[in-house]
Amino acid sequence: MIVETVRVSEKAKAQLLSLKRRTGIQNWNVLCRWALFLSLAESTVPPAEDIQTDSSVEMSWKTFAGQLDEVIQAVVLERAQRDGVAHSDIQHFFKLHLHRGIAYLMNMQGDMLSLFALLKC
Amino acid sequence: MLFKEFVLHNFGIYRGRHVVNLEPERGRPIILFGALNGSGKTTFLDGLQLVLYGKQARCAGRGSMAYPDFLRSCINRYIPPGEGAALELQFTHHHEGRWQTIRVYRAWSVRNETVRETLEVYRDGDPDTVLSEHWNEYVEDFIPSQISELFFFDGEKIEALAEESSASAIIRTGIHALLGLDVVDRLSADLKVIQRRRRAEGLDTKAQAQLTAKQAELDVLTQEMRNLVFAAAEQRDKVAQAEVKAKAAKEQYRLEGGELAEQAAVIDARLQKLREEKKRQDARLIELASGAAPLLLVQDLLNSAHDQAVREQETKRAKELLDELKARDRSVLKILKRAESRSSVIEKVAAKLAEDRTAREHHAVQPIYLHIDPPSLALYSKDNLKQLRAEIKRELARARELSEQIDHCERTLAGMPSTETLAPLAQACTELTDVHQRELGGLAYIEQKQAEVDRSLERVEREYQSLMAQEAQLLFKSETNERVLEHIAKVEGTLKQYRQVILAKNLARLSALILESFQCITRKKNMFARIEIAATDYRLSLYDSQGNQVPSYQLSAGERQLLAVSILWGLSRAAGRPLPAIIDTPLGRLDGEHRSKLVKNYFPAASHQVILLSTDQEIDDVLYSQLSNKISKEYIIEFNNRTLGSEIRQGYFDFCEAVQ
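Quick note, the sequences are listed as chains A and B, same order.
All residue numbers for the first sequence refer to this note's numbering, where the first residue is 1 and numbers rise by one.
All residue numbers for the second sequence refer to this note's numbering, where the first residue is 1 and numbers rise by one.
If you are wondering where the hints come from, they were derived from the structure by calculation, not from laboratory data.
Incorrect hints may have been included.
If you want the footprint, here are the derived chain B segments under chain A, 3+ residues with CB under 8 Å [said to hold, decoys possible]:
(1) 304–316
(2) 362–374
(3) 395–401
(4) 598–611
Only a predicted model underlies this, so the values are computations on that prediction, with no experimental measurement involved.
Where is the CB? At the ideal position from N, CA and C, for every residue including glycine.
Model the full structure from these sequences, guided by the hints.
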């Protein structure tokens with residue numbers, strides 16, 4: 001696991017709620033995965049930020065990752081390696097990407113179809 | 001019929017039990033009883049009547065008393081009423097070719113103020129319950145009460161008979177009894193009753209009225225039915241018209257775009273279906289999104305991660321190998337050293353081995369940061385992700401298609417003509433359909449009424465038929481009545497004829513018998529040549545040898561009495577029944593010669609058993625001697641001053657004493 005517990009900020013929580021409504025996806029973990037990957041896919045490095053993950057939203061790594069446990073780990077570690085992130089900063093790295101990803105999702109217009117549209121199929 | 005024994009027990013003036021043997025000897029029919037006035041003679045006779053006829057008995061001492069009171073009064077005054085009194089009579093009777101002995105036992109007593117009477121009849125010594133229970137009827141077989149009158153008479157009766165009117169009465173009674181005309185009279189009376197009854201049963205006017213009413217009811221219902229049929233036909237026309245109009249309106253509606261409106265319904269239905277499908281599709285997409293789909297975002301990272309994993313695996317392997325080689329190289333060198341190989345060889349080998357190891361080292365020092373085995377990422381290989389991508393593409397396409405179709409439907413619906421333009425037409429349609437429905441309802445109502453009237457008709461028809469049947473029955477009954485009445489009239493005629501003929505025949509015979517009897521006992525034997533009894537009023541007329549009627553006033557009192565006796569005698573002879581004669585002091589007003597004649601000619605001939613009761617003045621010693629050879633038994637009824645009761649003892653008045 002990258003982190004033991006996945007937590008988000010208040011802002012992120014509000015965003016996630018909105019996304020729930022728009023996409024119809026009711027599970028936090030699914031949305032968080034999409035958010036994470038969306039940010040990881042963006043080659044730019046997220047700006048350093050001190051994010052207070054003080055909202056009520058939290059889930060265990062297991063819940064967050066589900067079946068994609070090792071895959072998520074692999075992708076995160078790979079990117080971290082590319083970006084030259086020290087192993088000790090991995091959790092911070094994760095948190096940054098997750099929150100950036102949530103923000104990206106918010107920017108996307110529309111509903112679920114737009115979500116899939118992101119995949120560029 | 002012969003009296004054998006008579007028992008009086010506490011009866012009237014007879015206190016205690018008194019048994020009298022009444023059986024005559026052959027050739028001596030007379031049983032003589034001597035009794036002074038007040039000694040119990042009348043009581044004796046009443047007893048004979050009472051024992052036989054009970055309630056119906058004509059007893060001198062009864063007057064108008066009720067029967068129980070009479071019985072009570074007959075109990076000897078010195079006897080406690082609880083002990084009661086009893087009478088017994090034994091007689092023989094010829095029945096169906098043989099003689100039988102009947103004994104009648106009648107007893108009564110007073111208990112709790114009520115008089116209880118018991119009657120027991122014995123036939124040939126054995127109690128006969130049938131006779132006991134129905135004695136009133138059976139006694140008529142032995143001595144018919146009507147006829148008994150003729151054999152049972154006293155001086156008063158004789159005197160009364162001396163009157164012409166009474167004579168005709170007794171003749172009438174006697175004739176009727178003898179000829180069984182009382183039966184004929186009774187039949188006549190019964191016929192009259194039936195006649196009256198049947199006449200009253202005329203055709204019931206009530207039934208007639210009912211029938212007429214039912215007929216009227218039937219007519220009313222039939223008319224109603226006709227009206228309903230007509231109404232139904234009219235209503236059917238209305239229904240047809242309304243249907244046509246409603247259809248036309250619908251057609252109009254359709255033409256004006258109503259069709260489209262119907263289509264809208266179709267499209268709407270389709271829209272609902274599509275929406276549902278879209279819902280399902282969305283759910284599918286969510287399912288996909290919850291799966292490996294987002295991995296497609298980081299495919300290249302995935303790929304490089306996969307490469308890295310492979311490299312890491314190799315590195316690991318290389319490292320392991322290197323360690324193995326290190327260990328092996330060491331052992332090889334050790335072996336060489338132990339084998340005491342030349343140091344130059346050992347050096348060369350060591351160097352070579354070191355070189356090889358160094359070359360391999362490169363592979364072993366690659367960075368390891370993933371720590372993930374390639375198989376873990378195998379699921380998400382290029383090919384699998386390719387498939388996933390294709391699937392997502394398909395599902396997205398489907399979703400888009402559904403959206404488009406939904407849009408199309410919605411647009412089409414939006415493009416439909418507005419309800420406002422169609423409203424009046426729709427209204428007209430609805431109204432006319434309503435009218436049609438109403439008319440249908442009206443028809444249903446009429447048809448229902450028809451069914452009701454039909455049922456009523458059926459019912460009334462049935463009732464009418466049954467009344468008709470009843471009427472027919474009544475008619476039949478009245479016809480029967482008419483026939484019966486007709487027959488009754490005929491029977492009455494026949495009875496009348498019968499009576500006339502039989503009377504005529506027997507009156508002639510009776511007249512002859514009476515004349516014969518009269519001539520037997522009268523002094524003026526040749527005075528009377530003929531007796532005639534009128535068939536109408538039974539008046540007796542005497543005619544002399546010249547054929548002239550001798551009026552009754554020309555007869556002396558005594559002669560009239562003798563005539564009366566003759567009438568009775570004649571009747572008894574005409575009866576042809578051998579019944580015992582009971583004669584009570586009959587000599588009253590007659591003079592000596594007449595008395596003598598009676599005594600000599602009548603008493604012994606009156607019957608086969610003659611019970612003769614007389615005072616000492618009537619059958620006196622002279623007459624007694626004239627009678628004696630015909631006397632079987634003689635008794636005296638005497639009042640005993642000591643016992644204060646009467647007794648019956650054998651013997652007759654002692655004339656020697658009287659003379660003294």
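What hint numbers does the structure not satisfy? 4
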